[in-house]
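Chains as they are written, first to last, in my numbering: chain F, 6 to 307; chain H, 6 to 307; chain X, 6 to 307; chain A, 6 to 307.
Calculated directly from the structure, the hints in this document are not laboratory data.
Some hints here could point you the wrong way.
Unchecked claim - Here are the simulated distance ranges between beta carbons:
#1 27(X) to 123(F): 45 to 53 Å
#2 146(H) to 303(X): 26 to 34 Å
#3 123(F) to 303(X): 30 to 38 Å
#4 222(H) to 27(X): 48 to 56 Å
#5 116(H) to 176(X): 52 to 60 Å
#6 297(A) to 143(F): 50 to 58 Å
#7 147(F) to 276(A): 19 to 27 Å
Stated by the list, open to error - Coverage of chain F stretches by chain H, computed from C-beta distances (three or more under 8 Å per stretch; other residues unrestricted):
#8 67-75
#9 168-176
#10 180-188
#11 233-239
#12 252-260
To be verified - Within a straight-line C-alpha distance of at most 27 Å, the following computed BS3-like cross-link-like pairs (lysine-lysine) qualify:
#13 7(A) to 7(H)
#14 7(A) to 233(H)
#15 7(X) to 7(F)
As the structure is a prediction and not an experimental result, all values here were calculated from the model.
By construction, the Cβ of each residue, glycine as well, lies at the ideal position given by its N, Cα and C atoms.
Number of protein chains: 4
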Amino acid sequence: MKDVHALPPTDRGFRLLEVGLADVRKPLTVQRRDRLVTLTATFAVAVDLPAGRKGSDLSRNAELLAEVVDETVTRPVASLESACSQIARSLLARHPSATSSRASARAVYFLARGVSPDRESLEDFVLLATARARRGEHGAVHVVREVGTEAVGLTACPCAMENVREQLTERYPLLADPSLADLPLVTHNQRNRTRLTFELEEGSEVEADRMIEAIEAAQSSPTYAILKRGDEARVVVDAHRHPRFVEDVLRSLLASLGARFPDLADSVYVRAETVSEESIHKYNVVASHAATLGELRANSNP
Amino acid sequence: MKDVHALPPTDRGFRLLEVGLADVRKPLTVQRRDRLVTLTATFAVAVDLPAGRKGSDLSRNAELLAEVVDETVTRPVASLESACSQIARSLLARHPSATSSRASARAVYFLARGVSPDRESLEDFVLLATARARRGEHGAVHVVREVGTEAVGLTACPCAMENVREQLTERYPLLADPSLADLPLVTHNQRNRTRLTFELEEGSEVEADRMIEAIEAAQSSPTYAILKRGDEARVVVDAHRHPRFVEDVLRSLLASLGARFPDLADSVYVRAETVSEESIHKYNVVASHAATLGELRANSNP
Amino acid sequence: MKDVHALPPTDRGFRLLEVGLADVRKPLTVQRRDRLVTLTATFAVAVDLPAGRKGSDLSRNAELLAEVVDETVTRPVASLESACSQIARSLLARHPSATSSRASARAVYFLARGVSPDRESLEDFVLLATARARRGEHGAVHVVREVGTEAVGLTACPCAMENVREQLTERYPLLADPSLADLPLVTHNQRNRTRLTFELEEGSEVEADRMIEAIEAAQSSPTYAILKRGDEARVVVDAHRHPRFVEDVLRSLLASLGARFPDLADSVYVRAETVSEESIHKYNVVASHAATLGELRANSNP
Amino acid sequence: MKDVHALPPTDRGFRLLEVGLADVRKPLTVQRRDRLVTLTATFAVAVDLPAGRKGSDLSRNAELLAEVVDETVTRPVASLESACSQIARSLLARHPSATSSRASARAVYFLARGVSPDRESLEDFVLLATARARRGEHGAVHVVREVGTEAVGLTACPCAMENVREQLTERYPLLADPSLADLPLVTHNQRNRTRLTFELEEGSEVEADRMIEAIEAAQSSPTYAILKRGDEARVVVDAHRHPRFVEDVLRSLLASLGARFPDLADSVYVRAETVSEESIHKYNVVASHAATLGELRANSNP
């Protein structure tokens, strides 16, 4: 049968940076410390295409995904990112003319959360992973991985709270009483979605659960599925005692990473983005940053 | 050329309720009282298909949309719903074997909003319209229309505020002072999206802008694009003086309609739905209702 | 603590048809005949709200979801729809003043598919379920369930193929040779997404896998993740030997249900919708129908 | 009133790369050569934030968007990208402590298309624009712009067609007749979405309509809203005479740019991405590339 993919390109050939599959949904079984977890993951995989070749022959990618991912039912992988590493390496093995490959995945992920042990329930977060493999000399393959998480929390605006204090004190002079100095006052709150990503050398590991904890600690408060009346009031007051702009959420998160992840090298590249779905506006407010962990450590250790 | 659509169906023929096009994007020019507005509208159109016919011949629908919608550039229509009426009627004319038709459309729509005249800006809302035509006796065509709007606003939770009051009063005894009895206290706020739809006989008109005003009045507060510091505090305090569950938003909206739209008949069918994108939870909270305007008037006029 | 939900409504009270939670993501463990499956499901739950009560107290719904769904990790349910039934019943138990409840869920679902056993891989489909409970006399609760599936397949347009035949025969007279009479000719193909839903009395069971098979049989061809070169050509030719409009897909599906599901009663209500993401247009083409299984049987059994 | 934004940050201060607004919907009036066009555009705007400042004071961004965008009703801009340039410059003017800014926008855009003049209708495309401003020495501001377009078209797979030829020729020996050598044979088609972006110095202009033409020429065929029967067959045959992988679409597009845009400098940076919504698979197939126009010219001029 004629191999149309292996023909020279019709148009004068460019090497193309990426050719692949996207939006491939698969179940992935992951072995966590204490339990098996099945993720509904969405994969994208790609390789580069040399100038002399018409097509990438993508059926190999679909086969490979079936081999690596479908078989986790019987042989679970350690993590979403280790599945991506394995796929990125296999892509290079199956595409001998490719020099680089990428495997990305995204999945909803559940962790138990609760204001107290009897209020725990499974809450949803997002896991993200990307592995990029590059063919080096003598058949060596070099893999870099990104591991990301997203967590939804609550923020309370510090600016409106200050201005409310001024306005309400005119109307309610008693608010000026020293005993009410730290009384949290009304402001606007919002659903905040924050994403944190580490770019690591293969071999360096990072626990997604701890990344999620870092995000939650940077928001005014985590959010919870189950809040009985007293709980709800306590979460509200706690969030209003920690009012934060998106700028504050981002800096608080970035400042905490050096100490929270002491095992990670200074060369680890960090990306963070936070989105506030404003309750007081129809649009969203966002902040983002990217730096090495070394740069963040230098700024956050006085 | 063979007309494959007009062949008898391969499988034993069922009459099918709806066959048509969806996700057809078109610019639609509308003549408002004082200005021309160009909407980027998304249309769906359909007719029923008799049992004896294989295909509906959908190219007629695309032609018709081009004729009716593209030509509003030079001959603007009065509203999104009048465009839908015209399309629904034309669908029946072009599909002689059809007995019913439907034309639906959705578009982002802009209105000036501001806490004061010098803070005005164009804010985004959503317009929805559907026209359903039915062939009656002697060539008569009967059309029923739905006109809908969506508006985003702000809500503050009344329950958490009450419980916060109890908890904070223990810590701040001065809060029990009568002069602070109506001091708004912290609670959680959220972005609220509410949709209102009227189902009307053709000929009965309703102004979308007034539907949007009805929704905004039912939320704890409208939201605004431009809020300088003092404004923001005033909006926050105002919203917290009108704390509302989704249940309250919905009832307040429904209760207001009879008086706000005195010209509409009791037989007008009303649908309303409100979604609160909770700041304190990862999930949304929703409420919905459907009733005739007559039923709503009976309940809301003491 | 004050129960704000139990207060009378501020606005004159309407009974509200539905108040609840939406977009609640949870992992659900399902015991299939031969294996455990973990779905990432998205739930919506609601109850009605009597006229005399201000709020529905939605924290009960979140608790209930945690109890029913989170615990399937250790006690798997039989299906997505049985989870919904259990939730709908529990909603009525937890909301004594409610008279009706609804629990809906949606999840991506995987089945092995392949043109041959050595080409099998897990492909993604969608499961849908809704249970509606209604309080009857003497504490009886009546539950009706909807079970739905969605499957993506391939369609080839029969109309363009006929017209291509006429046009190409002018250019290639040999096409008129009787030996080429059934040669499949070029037309446009598209990704087709079809949804089938059954509304059943509780107690009546239907297997989602067989619903998916019914949809796939009605499309021009199923689609597959893994297609090596020869396979791809065979699938293409097979699809072009079964060219189908959306009208044909829908009728073929509806006509097959009576015989495919002989155990289901004539009173079972069927909804079906098919969307063709046209390759030759920027818009989609759709067809939908709703009927009882009895009506479909009457039409499809000559 | 206290300026909370101007306070020093609570956490040790990092400079943040971007703080801003996203998902701001606005109507934008653009003066095209021959007509006024109103776009429903979605904007995102951001500036960097110096280490010593707590908040960016985003209300200035909302004010600025209202001034620049809302006023295009009376003073139309030349293009989406020129609106972005103006906003990016104004952002720097309003945020004296910022050193860089970005304004991005996206809008659906309509052009007349048809297989013949009497079949023309308005079809939807996408416009994208980004302007990045950077403060230089002596108050100079340097702006770089990206201008992008997306167009949906049709592709036919060349590989399946070749393999179909082999398989069908066994069954239909007449297909080997030399007179049928260029008979287009069945394969799978798909909806293809291709995006092209140029990164230009301010002052260098590029016409979006011509970028869209470049994309359409690289696909197997454009798609059309109105296709009467004979047209549809002609488009199908034409597309099958130009079968193309995503790799071919991308290379064909890239190879054409040097000659199509002779006025653009070699330093212009080009990004292109093409997505094929496979009819024969449930997943998508993608290809992407990035290069300077100089590199593309070197490769495409033999």
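Hint check:
no. : hint                         : result
1   : 27(X) to 123(F): 45 to 53 Å  : violated, 25 Å
2   : 146(H) to 303(X): 26 to 34 Å : holds, 30 Å
3   : 123(F) to 303(X): 30 to 38 Å : violated, 56 Å
4   : 222(H) to 27(X): 48 to 56 Å  : violated, 24 Å
5   : 116(H) to 176(X): 52 to 60 Å : holds, 57 Å
6   : 297(A) to 143(F): 50 to 58 Å : violated, 32 Å
7   : 147(F) to 276(A): 19 to 27 Å : holds, 25 Å
8   : 67-75                        : violated (count 0)
9   : 168-176                      : holds (count 5)
10  : 180-188                      : holds (count 5)
11  : 233-239                      : holds (count 5)
12  : 252-260                      : violated (count 0)
13  : 7(A) to 7(H)                 : violated, 78 Å
14  : 7(A) to 233(H)               : holds, 12 Å
15  : 7(X) to 7(F)                 : violated, 78 Å
The structure shown violates the earlier hints numbered 1, 3, 4, 6, 8, 12, 13 and 15.
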